[in-house]
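Chains as they are written, first to last, in the working numbering: chain A, 1 to 287; chain B, 288 to 589.
The reader is advised that the hints may include incorrect statements.
To be verified - Only some residues are given here: those of chain B computed to face chain A with a beta carbon under 7 Å:
no. : residue
1   : V445
2   : T542
3   : G557
Said to hold, decoys possible - Quick look at which bits of chain A chain B covers, simulated, 3 or more residues with Cβ under 8 Å:
no. : segment
4   : 12–25
5   : 39–53
6   : 160–167
7   : 183–193
8   : 209–215
9   : 232–242
10  : 263–270
These are calculated hints, taken from the structure and not from any lab test.
All residues carry an ideal CB built from backbone N, CA and C; glycine is no exception.
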Amino acid sequence: MSGPESPAGPVDLKSQMARAAASLHDAPAPKASAATSDLSIDETLLLHSIDWEPVELVFGAAVVSVPGGVWNWGDGEIVQASDAHAKAIEVASLHMDRQCAHVHGWGVVGVSVDVAIHSHHIDVRLLGTAVRPTRPKPTEKRQFDNRGGFISDLSARDFVLLRQAGWAPVGLTFGTSFVYAPRRSAGTVLQQKGQNVELANLTTAMYSARESAMERLQASALSLGGQGVVAVRVWEGPVSFAAHAIQFSAVGTAVRLEADAHQYCQPQVVLPLDDSVVQFDATSLRH
Amino acid sequence: MSSVPSDIPAESEGRLSAPSFSSGLTVPDFAACLQMGLEPVGLVQGYCVMKWSFYGAGSPYMRGMGAYQYNTQQGAYSESYQCPHGYVGGEHISWGQNFEQTMVEAAWTQGFTSAYSRLLEEATEAGGHGVIGLVDTVRSLTDQAVVEFHLLGTAVVVSDAPGPPDGRPWTTYLAGQRLAKLVEAGFMPVSIAASMASVQVWPYCMTEYYLRGQGGTYRWSPQYATSEIEQLSRAQMAVCRLAREHVRAQLGTDTLYGATFAASDYESSGGPVLEATLRGNRVRRFKAFDRLDPPRPTVRLT
Numbered sequence: 001m002s003g004p005e006s007p008a009g010p011v012d013l014k015s016q017m018a019r020a021a022a023s024l025h026d027a028p029a030p031k032a033s034a035a036t037s038d039l040s041i042d043e044t045l046l047l048h049s050i051d052w053e054p055v056e057l058v059f060g061a062a063v064v065s066v067p068g069g070v071w072n073w074g075d076g077e078i079v080q081a082s083d084a085h086a087k088a089i090e091v092a093s094l095h096m097d098r099q100c101a102h103v104h105g106w107g108v109v110g111v112s113v114d115v116a117i118h119s120h121h122i123d124v125r126l127l128g129t130a131v132r133p134t135r136p137k138p139t140e141k142r143q144f145d146n147r148g149g150f151i152s153d154l155s156a157r158d159f160v161l162l163r164q165a166g167w168a169p170v171g172l173t174f175g176t177s178f179v180y181a182p183r184r185s186a187g188t189v190l191q192q193k194g195q196n197v198e199l200a201n202l203t204t205a206m207y208s209a210r211e212s213a214m215e216r217l218q219a220s221a222l223s224l225g226g227q228g229v230v231a232v233r234v235w236e237g238p239v240s241f242a243a244h245a246i247q248f249s250a251v252g253t254a255v256r257l258e259a260d261a262h263q264y265c266q267p268q269v270v271l272p273l274d275d276s277v278v279q280f281d282a283t284s285l286r287h
Numbered sequence: 288m289s290s291v292p293s294d295i296p297a298e299s300e301g302r303l304s305a306p307s308f309s310s311g312l313t314v315p316d317f318a319a320c321l322q323m324g325l326e327p328v329g330l331v332q333g334y335c336v337m338k339w340s341f342y343g344a345g346s347p348y349m350r351g352m353g354a355y356q357y358n359t360q361q362g363a364y365s366e367s368y369q370c371p372h373g374y375v376g377g378e379h380i381s382w383g384q385n386f387e388q389t390m391v392e393a394a395w396t397q398g399f400t401s402a403y404s405r406l407l408e409e410a411t412e413a414g415g416h417g418v419i420g421l422v423d424t425v426r427s428l429t430d431q432a433v434v435e436f437h438l439l440g441t442a443v444v445v446s447d448a449p450g451p452p453d454g455r456p457w458t459t460y461l462a463g464q465r466l467a468k469l470v471e472a473g474f475m476p477v478s479i480a481a482s483m484a485s486v487q488v489w490p491y492c493m494t495e496y497y498l499r500g501q502g503g504t505y506r507w508s509p510q511y512a513t514s515e516i517e518q519l520s521r522a523q524m525a526v527c528r529l530a531r532e533h534v535r536a537q538l539g540t541d542t543l544y545g546a547t548f549a550a551s552d553y554e555s556s557g558g559p560v561l562e563a564t565l566r567g568n569r570v571r572r573f574k575a576f577d578r579l580d581p582p583r584p585t586v587r588l589t
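Produce the complete structure using the sequences and hints provided.
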C-alpha cells in the first residue's frame with residue numbers, strides 16, 4: 001500500500017465513491033507500475049494485510065509426447081505415460097518459475113492446474129499470480145535467496161493463513177501413475193458370471209497406481225525441502241480413451257515450518273444470526 | 288467501431304430518457320450500490336456479430352511452400368521449425384511454423400470494441416457516469432466462423448460527483464459489495480479490459496511424428512522415450528503471453544484485478560489453433576490506504 005491514511009470510524013462510502021469518481025479527472029500517477037492479477041480484491045487486500053502484493057499473472061505450459069502403443073493391453077505400470085505426465089508438470093513448472101523470477105516475484109499463488117491427457121501427448125497448463133513481499137524482512141530475504149521462488153495452488157486466503165501459522169509453501173508437488181488393469185482369465189470370467197463379486201484386478205490396479213502416485217508426491221515434496229504436503233487433491237479412474245488403464249493423480253503444495261514452532265491461529269468462535277427464513281411450503285398441503 | 292449499426296434505435300432513446308430505471312443488479316447489489324451513492328439509470332447493452340472470413344483458398348493463412356513471412360515483418364509472434372532429416376521425399380513436412388493470427392485477433396477486438404462502444408453509447412444516452420455489474424458473453428452463432436459479442440450492464444450516476452472527464456462512462460465487471468470493497472480499498476474502476484490471442488500451429492515433421500505416437504527422429508525407428516513437443520509447448524506459452532501483452536497494452540499505468548483467463552484449442556485444416564482470452568477490471572488508485580489488520584480466523588457455531 002502506498003501510505004497511511006487511517007479512516008476514523010466507519011467509512012462513508014458515498015463520499016468515497018464521489019471522491020473516486022472525481023479522481024478520474026486527475027492524470028494517473030506517472031511512476032505507477034501496472035500489475036495484472038487474477039486474484040479478487042478480497043485476496044489482494046488479504047495479501048496486503050501481511051505485507052505482500054500481487055505482481056503479475058504468470059503461466060507455464062508444456063506438451064510431452066506419449067509413444068504409440070503404450071495404451072495397449074499390458075501388465076503393471078504404464079511407465080512411459082507416467083513419465084510423460086511427470087515431465088509435462090516439471091517443464092510447465094520450470095516455465096512458470098522463470099516467469100515469476102523475471103517479474104521479481106517471490107512465488108506464485110492460486111495456481112490453477114489444467115492437465116489434458118491425449119493418447120499421444122499430455123498437455124499441462126499452469127496459471128497463477130506472482131506475489132512478493134512489499135517490505136521483506138532480512139530473514140525472509142535470506143530464506144528466499146537460499147530457497148528461490150515457490151509455486152502453490154493454495155488460494156491467497158490459504159497462503160495468508162499458512163504464513164500466520166508460521167509455515168511457508170515451498171512448491172507444487174505432483175504424483176501420477178498409470179497402471180494396466182489386467183484382463184481376467186476366461187476361467188475367472190466364467191466363475192464370476194452371474195455373481196456379485198469384487199473385480200480384484202481393478203481394485204489391485206487402483207491400489208498399485210495410488211501407491212506409486214503418493215510415493216512420487218512425497219518424494220517430490222522432500223526434494224523441494226518440504227516437511228509435508230497440504231491441500232492434496234486426488235483424482236483417479238480409468239483413462240477416457242483406454243478404460244483398461246487406471247490413472248491416479250495427486251497434487252498439493254509442499255510446506256515447511258519457518259517459524260520456531262507452529263503458531264496457533266486461535267480462531268474466534270462466531271454465532272451467525274442470519275439463519276435462513278423458514279418459508280411456508282404450499283406443496284406440503286397436497287399430502 | 289464500425290459504422291453499421293451505429294445509432295441507438297429511436298425506441299431505445301425514448302426508453303432510456305424515461306423517468307424510470309431498469310437494472311440488471313441483484314437486490315443485494317442494488318442495495319449496496321444505493322448505499323455507495325450509485326443510482327441506477329438503465330440496463331444498457333451492446334451487441335455485435337462478426338464473421339471470420341479470411342480462412343480458406345486465397346487467404347494469407349494457407350500453408351504454402353515456405354514459412355509465412357507477413358507476421359515477422361509486422362513484428363507479431365512467429366517461430367519457424369526446420370526438419371532435421373535432410374531430404375526424405377516430396378511429401379515430407381520439412382518445415383513448420385507457429386504464428387500469431389493477427390487478423391483473427393483484430394476481428395475479435397473489433398467485435399468486442401464495437402459491442403462495448405454501443406453499450407457506452409447507451410449508457411451516455413441514459414446519462415450514466417459509469418456502468419457496473421458488466422456481463423460479457425462471446426459465443427458462436429450458427430457455425431464457428433460467426434461470433435456474437437454481447438455486453439450487458441447497469442448504467443449508474445454517482446451522487447455529488449462530476450461526470451466522467453471525457454464524457455465516456457467508466458465500466459467494471461464488479462457491483463454491490465465487491466465494488467464497495469474496491470473503492471474502500473482505494474481503487475476506482477477505469478474500464479474493463481479484454482483481449483484475445485490466437486496462434487496457429489503448422490506442425491513440422493517432428494511434431495507430426497510425436498502427435499501420431501511415432502516419436503523420435505525417425506518415424507520408423509522404435510522410440511519408447513517421452514519427449515517434450517517443443518513446437519506445441521512454445522505455442523501454448525506464446526498464446527498466454529500474447530493475451531497478457533494485449534491486455535497490458537490497454538492498462539497504461541493502471542492495474543488489472545480479478546482477471547479471468549480462458550484457453551481453448553481446435554483443429555484446423557493446417558494444424559492446431561490455440562486461443563486464449565483474458566478479461567479483468569482496470570482500476571486506478573485514488574487514495575492511499577492503510578493496510579488491514581491481519582484477518583482474524585473464525586469458526587461458525589452452526
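Numbers of the earlier hints that this structure fails to satisfy, in rising order: Hints 3, 7, 8, 9 are the ones this structure does not satisfy, whereas the remaining hints hold.
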